[in-house]
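Residue numbers (my numbering), protein chains in the order written: chain A, 1 to 390; chain B, 391 to 553.
Calculated directly from the structure, the hints in this document are not laboratory data. Heads up, some of the hints might be wrong.
[Stated by the list, open to error] The calculated label-pair distances, taken between Cβ atoms and stated as ranges, are:
#, chain 1, residue 1, chain 2, residue 2, range
1, B, A520, A, G358, 46 to 56 Å
2, A, R388, B, A419, 24 to 34 Å
3, B, F532, A, G322, 17 to 27 Å
4, A, L45, B, T488, 22 to 32 Å
5, A, K267, B, Y480, 37 to 47 Å
6, A, L64, B, G444, 55 to 65 Å
7, A, K267, B, A398, 20 to 30 Å
[Stated by the list, open to error] A few chain B residues facing chain A, derived, Cβ under 10 Å:
#, residue
8, M391
9, N400
10, A419
11, M447
12, V481
13, F498
14, H512
15, V531
16, F532
[What the hints assert, rightly or not] With a Cα cut of at most 25 Å, we get these calculated SDA-like pairs of lysine to any residue:
#, chain 1, residue 1, chain 2, residue 2
17, A, K253, A, M198
18, B, K435, A, R136
19, A, K184, B, A398
20, A, K267, A, K390
21, A, K253, B, D507
22, B, K435, A, Q246
23, A, K253, B, A443
24, A, K184, B, A393
25, A, K253, B, L456
26, A, K253, B, V465
27, A, K184, B, E395
28, A, K366, A, D228
29, B, K526, A, G307
30, A, K184, B, E402
31, A, K253, B, D515
32, A, K253, B, E552
33, A, K184, B, Q521
34, A, K390, A, R173
35, A, K311, B, V524
36, A, K253, B, P469
37, A, K267, A, N84
38, A, K184, A, R173
39, A, K253, B, V550
40, A, K253, B, Q521
All of these numbers come straight from a predicted model, not from anything done at the bench. Backbone N, C-alpha and C define an ideal beta-carbon position, used for all residues, glycine too.
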Amino acid sequence: MSHAPVRAAIVATGQTDHGRRFDASLAEIAREAIDRCLDSRGLTLEDIDAVIAGNMEMFEGIYLVEQLSVGALGALGKPLYKLNTGGTVGASVALACYHMVASGRYRRVLGVGFQKQSEGSTQAAITTVGDPIWERAVMAGAIGNFASMASTYIAESGVTQEQAAKVAVKARRNACLNPHAHLKMPDVTVEDVLASDMLAYPIHLLDMCPASDGAAAIVMAAEDLAGDLADRPAWVHAVATAHDQQYMGDSPKRLAVMRSLQAASRKAYALAGIEDPLRDFDVAEVYEPATYAELAMCENLGFCPMGGGGKLIDDGVTLIDGPLPVNPSGGVLSTNPVGATAMIRVAEAAMQVMGEAGEHQIPDVKRALATGYGGNAWTDVMILSAERPK
Amino acid sequence: MNAREAEAFNREQAIRIEQQITLRYSFAAGRHATRFFTALRDEGKILATRDAAGNVMVPPRPVCGLSGLPMDEWVEVGPDGVLAGCTIVYVPFIDPMTGAQRPVPYGFGLVRFDGADTSIYHLLDATDPAQIGVGKRVRAVFRPREERTGSLADIRHFTVVED
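With the hints as constraints, model all of the structure from the sequences given.
Quick look at the structure:
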């Protein structure tokens, strides 16, 4: 026995002003995003049927984080699920919201991702991600990991440090147009990026994302409600998720060839009828923790041929006024409250479709792509459109 | 709060509660890792598992994620291999095994042992950083037998060798 899934759309988004937020507790920062999300449409918690929360618990060292935040999440007496899928978690929350609404069982689901990296040690948290038997004895943290991946990508693609630096400049300048972004550097240049401290060759300080505090929320609504709740809902046309194998060294050409991003994106493209992603998308919000990652992701998403990521940024294709703007929000390179980061990608893509991205709005967005990335190259993909799915 | 209000609150009023949490764990390595680490410690050998499709994987594991087949054959790989990724790390990092800061700079990278299809992360001898590069051949440098405990750290690091 089966029934057709209910169509679903994101009808509201809300974000905190991300940064170092000693003024707010973990629960308060989640609530701030929820209030902004609900207030944007005149909704109240009474309108919400279920809540899904996302957080990477090791960053604050608080497990069962849904217990201390249940009130702030507005989840008393309602289904409440907490997810942790690593860096992807915010997108996993959005995907789970979609599945709950598409099931027909829930009509308005609130999803929120939240994190306060300032409260703990990012290095210690990253260490807990490593396999205790095989990986912790020889870990070098997220930066060493990304630097090694970047070396493989450089060897495969020939991308240069200057091309990577252009991604950093794009991100920090775009962030100046986003009131929620953490790092804003209006005057930053390629030379500044290359002159910033070398963290792990070839990754400079300005090639990496910051550690941020922040939260982001969405409301996912069923098809019969979406039109009443938003003038221009962001309809979900496809979701997909894919994983790679368990150990960091299991992928043969890490970053250069992203098996899970290829698998998830191609599945989503097929579902949404995307034939040429460069032509068919009007904007993309991708989860790029480092400059090199954005270039490699553009290749693996099919925005350019494999090995063409450097030329893509040289040609200005992904600039905010280019043919396919990538991360007009400033991206992860400008804002990274981990548990919220992939939710910010989804929320920003939805804002672009709804025409509510303010100064970093891309004109006339019909279709937008959002991705989440984390773990050992785990990937979430969501495709949003202004058009109601057939 | 907006960003400006939050900044003022951060500066003027915010109370922060300091805590330090020390947690102890004792992980069972399991059958596969126990066999691997015993051979590493006692014989200086690198063992991998192979499935019927010919996939050879380090770390050894019960099932191949790619084929879904059991990996019930043990084979020896290495101790030489190729760098699949590498870096020189300058940013301080707390060594998870000691709680102390690892001296910088140090080499770090992915080693694909000869005969294996997967790689493992490990430390690299960075005496001459210019030698380190993707595709370079490397060899495992073991700690003296009496210092080995049965862990990946029984390999001190990998050093670049001539082709």
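Hint numbers contradicted by this structure
2, 3, 4, 6, 7, 15, 16, 33, 34
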